[in-house]
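These protein sequences, in sequence, are chains A and B. Quick note on our numbering: the first sequence kicks off at 1 and runs consecutively. Quick note on our numbering: the second sequence kicks off at 1 and runs consecutively.
It is possible that some hints are incorrect.
To be verified - Covered by chain B, per the in silico footprint, the following chain A stretches (three or more residues, Cβ under 8 Å):
| # | region |
| --- | --- |
| 1 | 238-249 |
| 2 | 257-264 |
| 3 | 307-314 |
| 4 | 364-371 |
Said to hold, decoys possible - In silico DSS-like links for lysine-lysine, alpha-carbon gap of 25 Å or less:
| # | chain 1 | residue 1 | chain 2 | residue 2 |
| --- | --- | --- | --- | --- |
| 5 | A | K60 | A | K208 |
| 6 | A | K73 | A | K92 |
| 7 | B | K243 | A | K305 |
| 8 | B | K243 | A | K111 |
| 9 | A | K241 | B | K243 |
| 10 | A | K112 | B | K115 |
| 11 | B | K243 | A | K208 |
| 12 | A | K73 | A | K87 |
| 13 | A | K208 | A | K112 |
| 14 | B | K194 | A | K111 |
| 15 | A | K112 | B | K217 |
Claimed, not checked - Listed next, with one range per pair, are the computed distances between beta-carbon atoms:
| # | chain 1 | residue 1 | chain 2 | residue 2 | range |
| --- | --- | --- | --- | --- | --- |
| 16 | B | P41 | A | D142 | 23 to 33 Å |
| 17 | A | E330 | B | E202 | 44 to 54 Å |
| 18 | A | A223 | B | G18 | 18 to 28 Å |
Since the hints were made in silico from the structure, they are not lab data. Keep in mind it's a predicted model, so treat the numbers as computed, not measured. Ideal Cβ placement from N, Cα and C applies to all residues, glycine included.
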Amino acid sequence: MDLYEYQGKELFRRVGIPVSDGFLATTPEEARKAAEDLGGPVVVKAQVLTGGRGKAGGVKLATDPADAEAKAKDILGLDINGHVVQKIWIEKASDIEREYYLSVTFDRGAKKPLFMFTTQGGVEIEQVAEESPDALVRLHIDPLEGFQPWVARRLVYGGAVEDPSEQKQIAAIVEQLYRAFVEFDAMLCEINPLVVTPEGEVKALDAKFTVDDSALARHPDIAEWRDTSAADPIETFAREKGVTYVKLDGDVGVLANGAGLGMSTVDVVAHVGGRPANFCDLGGGGSAEGVVDALEVITRDPQVKSIFFNIFGGITRGDEVARGILAALEQLDMSDYPIVVRLDGTNAEEGRKILADAGQANIHPEETMLDGARRAVELAK
Amino acid sequence: MAIIVDNDTRLVVAGLTGSEGRFHGLRNRAYGTNLVAGVTPGKGGQDVEGVPVFDTVADAVSKAGANTSLIFVPARFAVDAIYEAVDAGIHTVICITEHIAAHDMLRAYTYFRGKDVTMIGPNCPGVLSPGKANAGIIPAEIFSEGSVGLVSRSGTLTYQIGHELTQLELGNSTIVGIGGDPVVGSSFIDVIAKFEADPQTELIVLVGEIGGDEEEKAAAYVAEHVTKPVLAYIAGFSAPPGKTMGHAGAIISGSSGTAAGKKEALEARGIEVGTTPTEVAQMVAARLK
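Chain A on its own, in the form it takes in the complex (with noise of 0.2 Å):
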């Protein structure tokens, strides 16, 4: 799970990494109203799950409330790569001397945490990393030894900062980001840029934070911040029926049991020169209720013209599913949809053999994967 730069920030400061004050806003009114009590020049910037806000004019510098109610208008409403901003960030604004990147990733090939500075924050740290490689710090972490002081000082003197104060601030800042990183199951906490002041403060301005999405239950607090109302609204509405569905562009609905399987039959159904809608993983247990639901959210996306059920029974049992669609075409208002239905695996005959007694018009059986994917792609034209 994305968490919102104020979201990152308010982690950051349970851990006692130093951010600005600020507010979160909705409304250009609001805006004013955090301006005020911040008192002085604010930095209004928009919340969206997306890199790039700045060049999009969703970060902009206001001298007063006023200033900031008119940004404020601005930038509400904006759409930022596809996302279209809902929320803003009222921050006093800073002064900055001069920008630095620190960050620490889950790094799965390694299978190690993975610290990363440079005194050349500011810029995308890709860019950093291809053209002037020897500026950037990078450490790996042995989870059982944890955070030891040494980390700090690699990365503090590897990345040559000179002054012993920035030392001794960003030391402490490497420390509470990689307790941050633990303490709340983060697969990312980035901060850049991290800025140090005229006055030679050193603070976090941004906050880039994912958490583990199967740690969340240990996070309750955490898991309530999911914003639902930036989210595609087929893919919220499958989530709250628990559904494993992931939104695309074609006309063909793909619903198979497994996530391999799953990914494999929108392949298919690409490789034969159609356009798959979704990828829908209908799980392990593949209950009749399950598919009724699975059904329900493909047929929410109104591109989809034709339906593909790929099913390998293994624990999913195919007289179950046979079941499931049957209840469907009863329950929602289906005789739209030509369904091409491939059953396999456990209790496959017994599916097959419910779905032919039914005698329903849409139904299309197919003995395999790729005549199953054609078919469905045939139907959808």
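Using the hints provided, position chain B relative to the given structure of chain A.
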């Protein structure tokens, strides 16, 4: 021969008294796997259809001679079950449980990696050596005994490919589902090294998917260390970046972890990649006949 599980396997199921553990544990036994014990704290002294249940894995090892642990307990207890098995002297641990927190798994991995332990999973379908033993949830009836080693990040996709092989009258030495999480106990490389050393295995099929770089690393390893033919399939060519496709580990981050990138890395090392599961099975048949 075969790898990881075979006729010498003496299985203990963590969570044998739970519904999943019971159903699959007994199915594994019915297949012929030597299921010697179950472990459920507080239920020591009971039995499940004649299989003795112990309070601790240590008891299952000392009293029933267990040497392989199959874990079915819920996510919040699963990491404890992994450590318990390793510390009780078990050398083969297979964890079916999904939704284990990534940081927990990372620490556990770092801990057992230095020991002589083969861990498969979590979030995996288990390991099947046809004709010998089945530890997990793989529907054994789809597969037959043979010489193809199959290693995959996915469950049902593996069944699909196994089914296509069976249709072509080809069997498997062992089928290993390594799991769909960001951190799993054994990588493709770990399993491929075992297949390379296994006399029963003549050809290896790698079934990968988007996310991470394990397929790319495996490609480099195969080129340097593997003499047996290796074929591959990759799922997720149509997956959009930034979206988790069912498996926690199946996500394209930025431009890394794409199916196209993996295919390219494999082909650059001389490993053929099939476009559909059907085509992969046909490629295997062409190589072996």
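Comparing the hints with the structure gives:
no. : hint                        : in the structure
1   : 238-249                     : holds (count 3)
2   : 257-264                     : holds (count 8)
3   : 307-314                     : holds (count 3)
4   : 364-371                     : holds (count 3)
5   : A:K60 / A:K208              : 19 Å, holds
6   : A:K73 / A:K92               : 18 Å, holds
7   : B:K243 / A:K305             : 24 Å, holds
8   : B:K243 / A:K111             : 21 Å, holds
9   : A:K241 / B:K243             : 18 Å, holds
10  : A:K112 / B:K115             : 18 Å, holds
11  : B:K243 / A:K208             : 17 Å, holds
12  : A:K73 / A:K87               : 11 Å, holds
13  : A:K208 / A:K112             : 19 Å, holds
14  : B:K194 / A:K111             : 21 Å, holds
15  : A:K112 / B:K217             : 16 Å, holds
16  : B:P41 / A:D142: 23 to 33 Å  : 31 Å, holds
17  : A:E330 / B:E202: 44 to 54 Å : 51 Å, holds
18  : A:A223 / B:G18: 18 to 28 Å  : 25 Å, holds
Checked against the numbered hints given earlier, this structure breaks none of them.
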